[in-house]
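There are 2 protein chains.
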Amino acid sequence: MAMVNMVCIGDELLDGRTREGNGFWLGGWLRRAGHRLGSVTLVADDRANIVAALRRATSGAALVVVSGGLGPTLDDITRDAIADLLGDELRADAGSEERLRAKFGRFGRPMPDNNLRQTLFPASSRVVPNPVGTADCFVATFEGIPLLVLPGVPYEFETVAKLELPELLPAAAPRRFITRRTAGIGESDLARRMEAVPCPDGLHVTWCASHPYVEVEISAAATDDEALTAYASAALAPLAPWLLPVDAEGAALSAAAAVLAALRQKGLRIATAESCTGGGIAKELTEIAGSSDGFACGVVTYSNRSKSELLGVPAALIKAEGAVSSAVASAMAEGARARLGAEVAVAVTGVAGPGGGSEAKPVGTVYVAVSVAASGWVMKLSLGRSRSRRQIRETSTVAALRLVERLLAGRPEELEHFGGVASLRCYRSGTFR
Amino acid sequence: MAMVNMVCIGDELLDGRTREGNGFWLGGWLRRAGHRLGSVTLVADDRANIVAALRRATSGAALVVVSGGLGPTLDDITRDAIADLLGDELRADAGSEERLRAKFGRFGRPMPDNNLRQTLFPASSRVVPNPVGTADCFVATFEGIPLLVLPGVPYEFETVAKLELPELLPAAAPRRFITRRTAGIGESDLARRMEAVPCPDGLHVTWCASHPYVEVEISAAATDDEALTAYASAALAPLAPWLLPVDAEGAALSAAAAVLAALRQKGLRIATAESCTGGGIAKELTEIAGSSDGFACGVVTYSNRSKSELLGVPAALIKAEGAVSSAVASAMAEGARARLGAEVAVAVTGVAGPGGGSEAKPVGTVYVAVSVAASGWVMKLSLGRSRSRRQIRETSTVAALRLVERLLAGRPEELEHFGGVASLRCYRSGTFR
Chain A
911 MAMVNMVCIG DELLDGRTRE GNGFWLGGWL RRAGHRLGSV TLVADDRANI VAALRRATSG
971 AALVVVSGGL GPTLDDITRD AIADLLGDEL RADAGSEERL RAKFGRFGRP MPDNNLRQTL
1031 FPASSRVVPN PVGTADCFVA TFEGIPLLVL PGVPYEFETV AKLELPELLP AAAPRRFITR
1091 RTAGIGESDL ARRMEAVPCP DGLHVTWCAS HPYVEVEISA AATDDEALTA YASAALAPLA
1151 PWLLPVDAEG AALSAAAAVL AALRQKGLRI ATAESCTGGG IAKELTEIAG SSDGFACGVV
1211 TYSNRSKSEL LGVPAALIKA EGAVSSAVAS AMAEGARARL GAEVAVAVTG VAGPGGGSEA
1271 KPVGTVYVAV SVAASGWVMK LSLGRSRSRR QIRETSTVAA LRLVERLLAG RPEELEHFGG
1331 VASLRCYRSG TFR
Chain B
911 MAMVNMVCIG DELLDGRTRE GNGFWLGGWL RRAGHRLGSV TLVADDRANI VAALRRATSG
971 AALVVVSGGL GPTLDDITRD AIADLLGDEL RADAGSEERL RAKFGRFGRP MPDNNLRQTL
1031 FPASSRVVPN PVGTADCFVA TFEGIPLLVL PGVPYEFETV AKLELPELLP AAAPRRFITR
1091 RTAGIGESDL ARRMEAVPCP DGLHVTWCAS HPYVEVEISA AATDDEALTA YASAALAPLA
1151 PWLLPVDAEG AALSAAAAVL AALRQKGLRI ATAESCTGGG IAKELTEIAG SSDGFACGVV
1211 TYSNRSKSEL LGVPAALIKA EGAVSSAVAS AMAEGARARL GAEVAVAVTG VAGPGGGSEA
1271 KPVGTVYVAV SVAASGWVMK LSLGRSRSRR QIRETSTVAA LRLVERLLAG RPEELEHFGG
1331 VASLRCYRSG TFR
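Line by line, the protein sequences are chains A and B. So the first sequence is numbered by my numbering: it starts at 911 and just counts up by one. So the second sequence is numbered by my numbering: it starts at 911 and just counts up by one.
Hints should not be assumed to be uniformly reliable.
Pairs count within a copy or across copies, as identical chains cannot be separated in the list.
To be verified - Below, computed lysine to any residue pairings styled on SDA-like, alpha-carbon distance capped at 20 angstroms: (1) Lys1229 <-> Ser1202; (2) Lys1271 <-> Ala1132; (3) Lys1271 <-> Ser1202; (4) Lys1176 <-> Ala1158; (5) Lys1013 <-> Gly1294.
Read the hints as simulated data drawn from the structure, not as lab findings. Computed from a predicted structure; not experimentally measured.
Please put together the full structure from these sequences, using the hints given.
Structure below.
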């Protein structure tokens, strides 16, 4: 396991303009590769400070990764600072200039002269072509420690890092990872439930909250493959109500992708009828390329009138039960399935806040109904006053998608364990067509 | 202007589990307060390394802000490391314990014993109550430099930082800021257009890309108020086609908030008819609390059948022109306005990719139509192959919202300048009711 330090360069990282994220990405990549990120330092565009930070970063590190400051403007001084550190001159690289002119040629634009700064590199460094941007990269060596110098633009940083890191790091013992995604359970609750099964020596478990999911990662040396598989199957079993399905390659799906996979498998299509989520469910489903084979259409029936006109919810029912009610949610789902040309329908109505709550139906009260040919299910969520409008909408969206998928899998009752679900019941039974 | 350094503590910041963001927030806060963040260092939960990082951070700083490692578990060692740095003992604080027990009492939960660790502080430090979490904070002093030690949880960090920073920093000359938001123009293009008006000495302009917007901030010493106002009005004038409106307090609105404000002002309501944006426009509009007075309802007509059934778009028109066409977009908008009970309608149909493109209609071809009583406008966006499905959907959403707002303001033709707009025309004129 090698230790890597990182230096991120740029005034914009320190004055609230740009949120540094390359360190986050690099930390995850190194962990999965069996290495570790020791420290990350963000410094401003000041040559002496950059040199001092670089010098410190080399201490004890197998590699230093540098991000940012390779642009064409005068405040892009990373290459100058590294030349200072090495006691090198900057030298123009003909290959880099050729590539840069070709890139501008492809954009059909003349190359401004100041872009030539991007073809200067410390004399002793090795130039690394950047296949996805104008700033070529380089590898310098200071007191035997390699420095991999990359652009700050995340896509460029990640692309070149993935190409170069394996060569610059010592081979690590190969590890195997099992990653699963959960929804509707908190990180500490998840950890506690997994602790019921003792984790064998040599295996490593981490949890990572990545809203609206919590991800579980179990890893082991590749030689411990059998132990890993056995432990994962035992430790994940108690998490069944919260686990999202995986695809054919074993990668965990999002809640929306899991719904689309289930619809495809059964040859069904879904319609959405949303009030408080305001189109969020439809947006999640259609974010996935090729969703048109599982997604028929959706309506955002924000007003009572539109609930009646588009979905056929009787105005009298809305008046008697209130728009936020189990009866209206299920009527919306039935109406959507009957009218919108789909075999499956999901409906949501609730109080997202901050206004609109009452004592009987406080902010965070949300009803979700799912209708399939065989049955209809409705659940009430109580998402509480401490959550924001955005959080209430996001949690409702994920809970609704989970109810659809679990119902298609024949296990709707598992949603009872989803965080915030106050009640769950079947409001109609029938025969699945 | 005082320089502040920051140290962020936690293994999870370095292994890809948690994306550090308190530095980003602090950098912006300090800049607006007339100070600056000099550096940010992320270190793992290692006592000696933390002490070394803290010592370095005090060099040249007026204040060091420390984030993270104040939790109740054994790997939360920030208080221990700071005691090491100061040569202090840790001492229990009775007031802190009382507050902590009261917090658990309010949650109705017994307090686990390990939470008592959170009431230990370096003997010479000043305890700072945390009104929004269990971890009380503290201010220590090392060689005359104050260290403000805060929890890593962003909401807690920001809440306590806002209370304590003003006391710990020297008074800065008050500055005035004018902040505007733009959409549909790149950062460098924006900067170039503003450079046409020379920026007077003492004024400062920054641009910040905050997808899908680019924000412009102009600032000056409060004493230069007149120069600030004069420069801002001259320099922002050429940006008119891209500027978003401001609210009564001068704060820049989002594209969706600007649409709702315009609808409210005219007493109108909007209906949305979305294909490739899949509910994204409805979701943006309904994200805003109280949107029901301006948002009537929406449909996500992903399939051709739903375009005909819900919006009355003739199947023959779809067959002749293709679902992605100016004719279908405008028919969707007219159908939505006629059928969905709204005075304004917006419709989007396009190829979000990555599949589904053709030579005539490549990925990124999107048509947006807006219908009001007086007229109907349609624009074609060419968002290009280099953008992802997500980016194409987001840009289409913002462009559509901008066309609605500019049409309500009587200036639809300004959308011609919106990045990616290939054509724009009025397809129908009439009298505004």
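Handout entry: Hints not upheld, ascending by number
Key = Of the numbered hints given earlier, the structure breaks just one, which is hint 2.
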